[in-house]
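Visitor: Using the sequences and the hints given, assemble the complete structure.
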Amino acid sequence: MYIQRDWEIQVDEKQYSALMGVEFERARRKPGWEATLQQATSELNQAIRPAVCWEHFPVRETRHEKLVLENGLRLGGGPVVQLLGGAEELIVAVLTVGAGADRVVEAAQREGNYLKALLMHDLAAMAVDLLRQQFCKQLEEQASQQGKYTSTPISPGEATWSMEDQAVIFSLLDTDPIGVELNDALVMVPIKSLSLIVGMSTQPVGMSGADNCSYCTIQERCNYRRLRLAV
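The sequence shown begins at 87 in my numbering and counts up one residue at a time.
To be clear, the hints were calculated from the coordinates, so they are not data collected in a lab.
Restricting the straight-line Cα-Cα distance to at most 20 Å, the calculated cross-link-like pairs of lysine to any residue (SDA-like) are:
{"#": "1", "residue 1": "LYS223", "residue 2": "TYR88"}
{"#": "2", "residue 1": "LYS116", "residue 2": "ALA203"}
{"#": "3", "residue 1": "LYS223", "residue 2": "GLU94"}
{"#": "4", "residue 1": "LYS100", "residue 2": "PHE110"}
{"#": "5", "residue 1": "LYS152", "residue 2": "THR246"}
{"#": "6", "residue 1": "LYS100", "residue 2": "ARG115"}
{"#": "7", "residue 1": "LYS100", "residue 2": "ALA113"}
{"#": "8", "residue 1": "LYS234", "residue 2": "GLY172"}
{"#": "9", "residue 1": "LYS223", "residue 2": "GLN90"}
{"#": "10", "residue 1": "LYS152", "residue 2": "GLY171"}
{"#": "11", "residue 1": "LYS116", "residue 2": "TYR102"}
Computed from a predicted model, the values in this text were never measured in an experiment.
Guide: Encoded structure:
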């Protein structure tokens with residue numbers, strides 16, 4: 087299993103404001119908002135500790151709507167086969183920005199500073215998405231060096247892929263070294279964590295031009311889709 091912690095993840099209040107749109111820009115003009123945003127950004131950046139663990143698993147076959155691994159485990163449903171069909175191996179990963187992000191949000195809530203807590207909650211989600219993008223870009227570059235292709239990444243709960251496969255992902259990886267666990271409700275702790283899968287093959291994988299946003303029911307109003315398109 088691979089573990090990496092040397093990620094350069096820093097959220098930026100200007101990028102966040104642009105992401106949130108015109109209404110947020112207007113709200114920033116209210117007394118105290120700008121200072122609160124700057125403080126939330128600074129504290130969140132100091133608190134995050136990005137880390138990723140992942141492993142490669144050979145794919146035996148595609149059966150119905152699922153990918154069957156050589157070890158017999160099955161993953162999939164929803165758009166997984168459309169996005170990863172033809173993969174010769176599956177990269178399974180868990181990413182986190184660490185428990186510190188949860189702690190600073192909770193501290194702001196205890197202080198009654200709900201605006202700051204809300205901003206840090208959003209900024210931490212943005213940090214997770216930036217980590218996802220960096221990790222997937224690294225996988226794509228490494229695959230290219232080997233003459234291989236990678237698929238669009240997708241996570242349980244995206245589109246119509248069931249959250250139940252979280253349990254399968256956590257059975258494949260030892261996430262203790264990066265401090266992430268899965269509770270009985272299939273929720274990752276720390277909250278600002280993400281699991282995903284990526285297909286890899288010597289031939290192009292999945293549908294040309296498709297991505298995980300293509301199958302999402304909130305794509306037209308999702309701020310983070312705009313962030314991904316801008317990178």
